[in-house]
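A.B. asks: Each chain is listed here by its residues.
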Amino acid sequence: MSETYTLITGASSGFGRSIAQKLAPSRRLLLAGRSKEKLGAVRNTCEAPERHLLWVRDLSKLDGIGQELTCLLAARDIGIEHFIHSAGIIKIQYARAIEMASVIELFNVNLFSAMEIIRPLAQKKVNKGALRSITFISSIASRVGANGYSAYSASKGALNAFSLSLAVELAPAVRVNAVLPGIIETEMNKDHFANPEFVAFVRATQPLGFGYPEDVANAVEFVVSDRARWITGQEIVVDGGRSVYSPPRASATE
Amino acid sequence: MSETYTLITGASSGFGRSIARRLAVSQRLLLSDINEAQLESTRRACEGPERHVLWTRDLSRLNGIGEELAFLLIEKGICIGHFIHSAGVFGIQFMRANEMAFVNRLFNVNLLSAMEIIRPLAQKKVNKGALRSITFISSTNSRLGAKGYSAYSASKGALNAFSLSLAVELAPAVRVNAVLPGIIETEMNEDHFANSEFAASMRATHPLGLGRPEDVAAAVEFLASDHARWITGQEIVVDGGRCASK
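Sequences listed follow chains G and H, in order.
Everything in the first sequence is counted per our numbering, starting at 160 for the first residue and increasing by one.
Everything in the second sequence is counted per our numbering, starting at 939 for the first residue and increasing by one.
Each hint should be verified, as a subset may be incorrect.
Taking lysine-lysine and the DSS-like style, the derived pairs with C-alpha atoms no more than 25 Å apart in a straight line are [claimed, not checked]:
(1) H:Lys1063 to H:Lys1014
(2) G:Lys284 to H:Lys1085
(3) G:Lys283 to H:Lys1085
(4) G:Lys181 to G:Lys195
(5) G:Lys197 to G:Lys349
(6) H:Lys1085 to H:Lys1014
(7) G:Lys287 to H:Lys1085
(8) H:Lys1062 to G:Lys250
No wet-lab data here; the hints were simulated from the structure.
It should be emphasised that the depicted structure is a prediction, and the values quoted were computed from it without experimental measurement.
Bound conformation, chain G alone (with noise of 0.2 Å):
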């Protein structure tokens, strides 16, 4: 094996694409997505494009992920080092109203993708036992219901229970952990944020303010550095505390 590189998925977008640009100047990526022209697009912003590489898969479409990721590997003679799944749908389904072929594609990117992944990342006659972390974008929705989220939260309450499972499985080699972020913009609830109601109701719940992708490609570039050395099966919420707010009450004492 010559290289390791730094697998993300979800790249080409959101949280993906600001984790892709904070840890382009110091790794080597390897970034994928379902289009080929995003994916690009995002590794000229990069630093040293031309140290990285695209892998363009729809995630959606399980079957064939394993091998696929085992032939790339195996061509390009590189082994992954640490993986990040930012790769991740959103579907709002009532509860009366539940489409299983939905949420079954909610969970395939969400979860299942990451699992299909995993596997040859850990395997040391495909990976060489190069593997060093494996970090989840996960969402708070995984611990604040809301109305028509009860699939969504599913998933991500899937990951982050998986997360802390594998830490266990995985040790000592290879940490594993997951990030939730809070609410914050980006291509996936952007319609939300064009509603001013919203936004001011972001604002009035959030104790930090507004938060960027750039503050979860922060927490993500900690979580996969050498200073988490003793970090695994934790979650780390970046939320600007949202879900740690109640709002003040009116009363004599307060």
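Please arrange chain H on chain G, whose structure you already have, making use of the hints.
C.D. replies: This is chain H only, laid out in the frame that chain G set:
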């Protein structure tokens, strides 16, 4: 209006069977599991057997679960007031040898079948607004990891998060909670308990000693009752203090 029943999946063994026997005293039950003969045996072990109805269904086959339940409710003229999802499969698989067929079965039974069941229960035209509570049997494996457990932990972590979001969506009419049992001897793990060293280590790591399926049934009965009228979106750990003492 139709008569109101409590639906229990996984009713013929383990926690489901204990829950069925406990609730049979005061409620009409719709007992569901994969094996008809075992279901019938469970019904006969319950108080007032003639009061309870059976639904034999393999929950690993997702297609049609919702439609078949809707049909059964309409045909029998019954509604479901409480749904207890105790169906669950368990298995150990290491990630380096991950096979999706195994993962799919786990998720189909442990999580997705519950979604299929809840859809008709949440529809006014099928269940007439009768639903009052949903209780999931999850696991402390959603909080404590172990080698080979990643897919099983994932399926139970999914249940927990599904539960809290569903609680927000279906409030105030329906309360939704999860019970997280620790390591309790049932058919699913009796091989482990046959090993005396394992049983001894269980006693050592559990401040309150070994648990029984009845301990889980008691928590479920409480959550489904009016005594828990202001409790929703919660995880109740029933593990003899193991998680707290690590």
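A.B. asks: Please verify whether H:Lys1063 and H:Lys1014 have alpha carbons no more than 25 Å apart.
C.D. replies: holds (15 Å)
A.B. asks: Hinted pair, alpha-carbon criterion (25 Å max): H:Lys1085, H:Lys1014. Please report holds or violated.
C.D. replies: The given pair, whose Cα atoms are some 45 Å apart, is violated under the 25 Å limit.
A.B. asks: Is G:Lys284 close enough to H:Lys1085, meaning Cα to Cα at most 25 Å?
C.D. replies: Holds, because 20 Å separates the two Cα atoms, which is no more than 25 Å.
A.B. asks: For G:Lys197 and G:Lys349, compute the direct alpha-carbon distance and say whether it is at most 25 Å.
C.D. replies: holds (18 Å)
A.B. asks: Assess, step by step, whether the Cα of G:Lys181 is no farther than 25 Å from the Cα of G:Lys195, and give holds or violated.
C.D. replies: OK: G:Lys181 and G:Lys195 at ~20 Å, within 25 Å.
A.B. asks: Is it true that the CA of H:Lys1062 sits at most 25 Å from the CA of G:Lys250?
C.D. replies: Within the cut-off at roughly 23 Å; holds.
A.B. asks: Holds or violated: G:Lys283 and H:Lys1085, Cα atoms, limit 25 Å.
C.D. replies: OK: G:Lys283 and H:Lys1085 at ~17 Å, within 25 Å.
A.B. asks: If you draw a straight line from the CA of G:Lys287 to the CA of H:Lys1085, is it 25 Å or shorter?
C.D. replies: holds (20 Å)
Hint check: a violation occurs at hint 6 only; the rest are consistent with the structure.
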